[in-house]
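**Q** Line by line, the protein sequences are chains B and U.
Numbered according to our numbering, the first sequence spans residues 1 to 329.
Numbered according to our numbering, the second sequence spans residues 1 to 286.
Just so you know, not all the hints are guaranteed correct.
[As the list claims (entries may be wrong)] If you want the footprint, here are the derived chain B segments under chain U, 3+ residues with CB under 8 Å:
#, segment
1, 71-79
2, 136-143
[What the hints assert, rightly or not] No more than 20 Å apart at the CA atoms, straight line, and that leaves these computed lysine to aspartate or glutamate pairs for EDC-like:
#, chain 1, residue 1, chain 2, residue 2
3, B, K249, B, E276
4, B, K104, U, D218
5, B, K156, U, E180
6, B, K156, B, E178
7, B, K104, B, D72
8, U, K69, U, E48
[Said to hold, decoys possible] Looking from chain B toward chain U, a few residues come up when the C-beta cut is under 10 Å (computed):
#, residue
9, R50
10, A53
11, F90
12, F101
13, S102
14, S150
I should point out that these hints are in silico values taken from the structure, not numbers from a laboratory.
Note that the structure is predicted; figures quoted are calculated from it, not measured.
We treat Cβ as the ideally placed atom computed from N, Cα and C, and that holds for glycine.
Listed below are the residues making up each chain.
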Amino acid sequence: MDTRFDVELIETTKRYGTTTAVDAISLRIPRASYCCLLGPSGCGKTTTLRMIAGHEAITEGDILIQGNNVSDLTPIERGTAMMFQSYALFPHLNCLDNVAFSLKMRGVNKAERHAKAREYLALVHMQDYAMRLPSQLSGGQQQRVALARSLITRPKVLLLDEPLSALDPFLRIKVREELKRLQRELGITFIHVTHSQDEAMAMADLMVVMEDGHIRQSGPPREVFERPVSPFIARFIGGHNVLPGANGKIAVRADRCRLGVAGDGPFVSGRVTAVEYQGTMVRVAMATDPGDEASALVPDGDFYARPVEPGDPAILTWSERDVHMLAEA
Amino acid sequence: MLAGPSRTIGGTDRRPWTFYALGALFFGYMVFLYGPMAAIYVLSFQGENGGVTFPMTGFSLVWFADIVKPGQMANVPDSFGRSMALAAIVSVITTVVAVAAGLAFRRPFPGSGAVFYLAVASLVMPSLLVGFGIGLGFRLFDWKASLFTSGLGAQLTWTLPFGVLAMFAVVNRFNRSWEEAATDLGASPWQRLRHVTLPILMPGIIGVAMGAFTLSYDEYARTTLTIGQKNTLPLEIYALISSATSPMLFAIGTVTTGLSFLIIGVTVTLILRMQRRRAAATLKVG
């Protein structure tokens, strides 16, 4: 029994009729890690999460949690807890009773379960809202209550389905810091489904990029960003230009590209299609003459020293040591 | 300064003439809807020597006393009791079946379409024929037609499809992830139904129950051919109308209307008190 891993997927497959949503994926998530399942919509990331949670039956393969095969167990027996995308707080119960729900189901008496629920509401700084109904809370507050309700079951693994998607951008950044802090303090594994690569890179210890029911690449975010294995990964995680090279496709980070003149180094000529001011940087989007899309992230000082307009001809240059070969075509 | 919300482009805040035309139409409709009822309520207080039409010859309560007076050709209190009992049973059966069907039909199952159409088809059947058919059936098998056998069955052919359809609308707004969350938190299927699904659906369930109650309470066409010897209130009233008319009929109308409002009031109060008690109970522990 290998208990170095909190979650292991072994050739896990989900089929609906003849459609394969998740195709024999294998993944090992080390103890107490923050894992992000990342991918475009329909890639199978949510199905994978729901299979780990026990809300979706596994067609083939197995799921292990801390070394135990949980494929046929109920969610509570697995030691998982899920936070739903819409939070799914019970609308007829106040916050305290929502959080105390799992204890009530276990037959814990009222005084004890309410005391415990207050502890967990305090953990998410919602103790002052114990008597409110979910409909009287903002989205961010509802999410905290949902989090407390999941954590009170003392899960080994917390599963979060797009937890930040309903929040406004400002709150999103605050909440992701908080989720990460909670994960560290509790020392349990969080698995977080998202379609935002920013979110995944900011939060993940282990980033798993999925496409079309397969895991295309997994590893620490820095490794995935620096060494994307395929054009899909390079494009999906963003910040990269995928260009034709001498032996197949290459990826070059946009922030390592410059606008300039053709010299000794590699370059490609084209035309500026858009200029986006981003504060510290300016993103210049180009259509290259060979027909690719590319962009350069130029420091604002450099850009305004030699500004360009959409429609201007331009030459994109980079250095040979910034070229990353992509394995697949 | 900000422009007020009534300020419109063009500078005019006069309503178009169509507003007044539609308003008049709505007012006319309201008069048509409630006028006759108001007339009946007023006439039920007709003077002792007055008739079933205006003018009022005075003010009295004798017609209300007439309702319960024995020796009349009709027995209103007894038929009212039967109507209430039947409506209560119909309401319970309809609600139980409608909730079960509403929950079951959330996911298509083999033959769900056929089952659905078979279940609601009796809504479009001519009601008199349904009653006639049931009456014939009971005679054929030599069963005794009565209130709580053939009468109950005939009324269910009407209230069940109605209840099921209404329940579909209620269940439609139910978010499936509430149930998943309950399972996730360790609730057994029974606990999930008891503590999550039913409480969330409860306002709709009460609505279906009350709807079924009223449908049964004033059902006539199906009931008349299947009821056997003893009348429900609508049948009794109809018999009264066709034999002898007096303002007592209006008094019955006034009393039953008052009773309906009483039932609604009691139900609403109960629900509100239930909610308040729940909130208070949590406060006490805290």
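**Q** With a cut-off of 20 Å on the C-alpha distance, tell me whether K156 of chain B and E180 of chain U pass.
**A** 19 Å, holds
**Q** Quick one, are K104 of chain B and D218 of chain U close enough, alpha carbons at most 20 Å?
**A** 44 Å, violated
**Q** Does the alpha-carbon distance linking K69 of chain U and E48 of chain U stay inside the 20 Å limit?
**A** Holds: K69 of chain U and E48 of chain U sit about 15 Å apart, inside 20 Å.
**Q** Let me know if the C-beta of S150 of chain B comes in closer than 10 Å to any C-beta of chain U, holds or violated.
**A** Status holds, d = 8 Å.
**Q** Should the interface hint for S102 of chain B be scored as holding, given a Cβ-Cβ cut-off of 10 Å against chain U?
**A** 4 Å, holds
**Q** Using the nearest Cβ pair, does A53 of chain B come within less than 10 Å of chain U?
**A** Cβ of A53 of chain B sits 7 Å from chain U, so the hint holds.
**Q** Check whether the Cα positions of K156 of chain B and E178 of chain B lie no farther apart than 20 Å.
**A** Holds. K156 of chain B to E178 of chain B sits at ~19 Å (cutoff 20 Å).
**Q** Hold the hint about F101 of chain B up to the distance rule: shortest CB distance to chain U must be less than 10 Å.
**A** The hint holds - F101 of chain B has a Cβ within 10 Å of chain U, the shortest such distance being about 5 Å.
**Q** Given the hint that K104 of chain B pairs with D72 of chain B, does the C-alpha gap stay at or below 20 Å?
**A** Not OK: K104 of chain B and D72 of chain B at ~24 Å, beyond 20 Å, violated.
**Q** How does the segment 136-143 of chain B fare against chain U when you require at least three residues with a CB closer than 8 Å, holds or violated?
**A** Since three or more residues must qualify, the claim that chain U covers the segment 136-143 of chain B is violated, with 0 doing so at under 8 Å.
**Q** With the threshold set at 20 Å, check whether the alpha-carbon distance from K249 of chain B to E276 of chain B stays at or below it.
**A** 26 Å, violated
**Q** Taking the closest Cβ pair, is F90 of chain B under 10 Å from chain U?
**A** 6 Å, holds
Taken one by one, the earlier hints fail for this structure at numbers 2, 3, 4 and 7, listed in ascending order.
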